[in-house]
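Colleague: Please take these sequences and the hints and turn them into a complete structure.
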Amino acid sequence: RILIGGENNKAIESLCEIYKNWVPSEKILKTNIWSSELAKLTSKELNTCGYTYGDQFRRVYFMVVTEDILEAESMFFSQTTYKPIVSLTPFIMFGSPYMMKNLREVQGFKTFSPWIDESYDEEENHEKRLYMISEEVKRLCNIPKEKLNEWYIEMKDILIYNQNHLLNLKLSDYDKIYDLVYGKIFIK
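Using my numbering, the first residue of the sequence shown is number 10, and each one after it goes up by one.
I should point out that these hints are in silico values taken from the structure, not numbers from a laboratory.
Remember, it's a predicted structure, so these values are computed and weren't measured experimentally.
Incorrect hints may have been included.
Straight-line alpha carbon distances no greater than 20 Å define the calculated PhoX-like cross-link-like pairs of lysine-lysine that follow [said to hold, decoys possible]:
#, residue 1, residue 2
1, K19, K36
2, K19, K39
3, K165, K119
4, K29, K154
5, K29, K39
6, K147, K137
7, K36, K147
8, K92, K165
9, K147, K29
10, K154, K165
11, K19, K147
12, K29, K19
Label-pair restraints from in silico Cβ distances [said to hold, decoys possible]:
#, residue 1, residue 2, range
13, L175, E26, 26 to 34 Å
14, H174, S34, 33 to 41 Å
15, I162, K19, 36 to 44 Å
16, S34, Y140, 17 to 25 Å
17, Y28, H174, 29 to 37 Å
18, L38, K119, 33 to 41 Å
19, Y170, K29, 33 to 41 Å
20, N177, R148, 27 to 35 Å
21, S34, L176, 35 to 43 Å
The beta-carbon is built from N, C-alpha and C at its ideal position, and this holds for glycine as well.
Modeller: Here it is in structure tokens:
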């Protein structure tokens, strides 16, 4: 099952269209943002899925990470961004423009081009960016499993580097990242 929560019905419907490529429509559930957050907490506590997150991540070749802030003037990275990094899973980021660029240039991570087309990251129009992401997801979903296996092995060094980089960040690194990200937005 897929649970999609939010307040923007157009965005919810767009995500449903993406998931319909590989999940039956009756298994796609739509709800508001609070219900989806409650469902995530409940499934973690009760393990209603029947498997752990580690098991889940071992069965996917990539994730679509969605962050709540879409405005070009702001950028917010939640635990949602870092979960696939810890789990050695490549990802596509749907949030503010330039988030992948920020991960590379400010935070020191490596991203997934040329395996994943990250040109969507520079698109400032939210609807156009979502369309570009959905087209990339469709492309990736049509790659044969054997090719995806090769692809994953080819990017193994990047995935391990990112996990180690995240796990080895020091408090001073977080302060530096905070200053670089928020120092440009807020006047001190």
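Colleague: Now tell me if each hint is right for this structure.
Modeller: Cross-check of the supplied hints:
1. K19 x K36: Distance ~19 Å between K19 and K36 Cα, so the pair holds.
2. K19 x K39: Holds, at roughly 12 Å.
3. K165 x K119: Answer holds: K165 to K119 is near 12 Å, not above 20 Å.
4. K29 x K154: holds (19 Å)
5. K29 x K39: holds (13 Å)
6. K147 x K137: With a Cα-Cα distance of about 15 Å, the restraint between K147 and K137 holds, given a limit of 20 Å.
7. K36 x K147: holds (19 Å)
8. K92 x K165: holds (16 Å)
9. K147 x K29: holds (10 Å)
10. K154 x K165: With a Cα-Cα distance of about 16 Å, the restraint between K154 and K165 holds, given a limit of 20 Å.
11. K19 x K147: holds (19 Å)
12. K29 x K19: Given pair K29, K19 holds - Cα atoms ~15 Å apart, limit 20 Å.
13. L175 x E26: 26 to 34 Å: Distance hint for L175, E26 holds at roughly 32 Å.
14. H174 x S34: 33 to 41 Å: Check passed, 39 Å falls within 33 to 41 Å.
15. I162 x K19: 36 to 44 Å: holds (38 Å)
16. S34 x Y140: 17 to 25 Å: holds (20 Å)
17. Y28 x H174: 29 to 37 Å: holds (30 Å)
18. L38 x K119: 33 to 41 Å: With a Cβ separation near 34 Å, L38 and K119 satisfy 33 to 41 Å, so the hint holds.
19. Y170 x K29: 33 to 41 Å: With a Cβ separation near 34 Å, Y170 and K29 satisfy 33 to 41 Å, so the hint holds.
20. N177 x R148: 27 to 35 Å: Because 33 Å falls inside the window, the suggested range holds.
21. S34 x L176: 35 to 43 Å: holds (39 Å)
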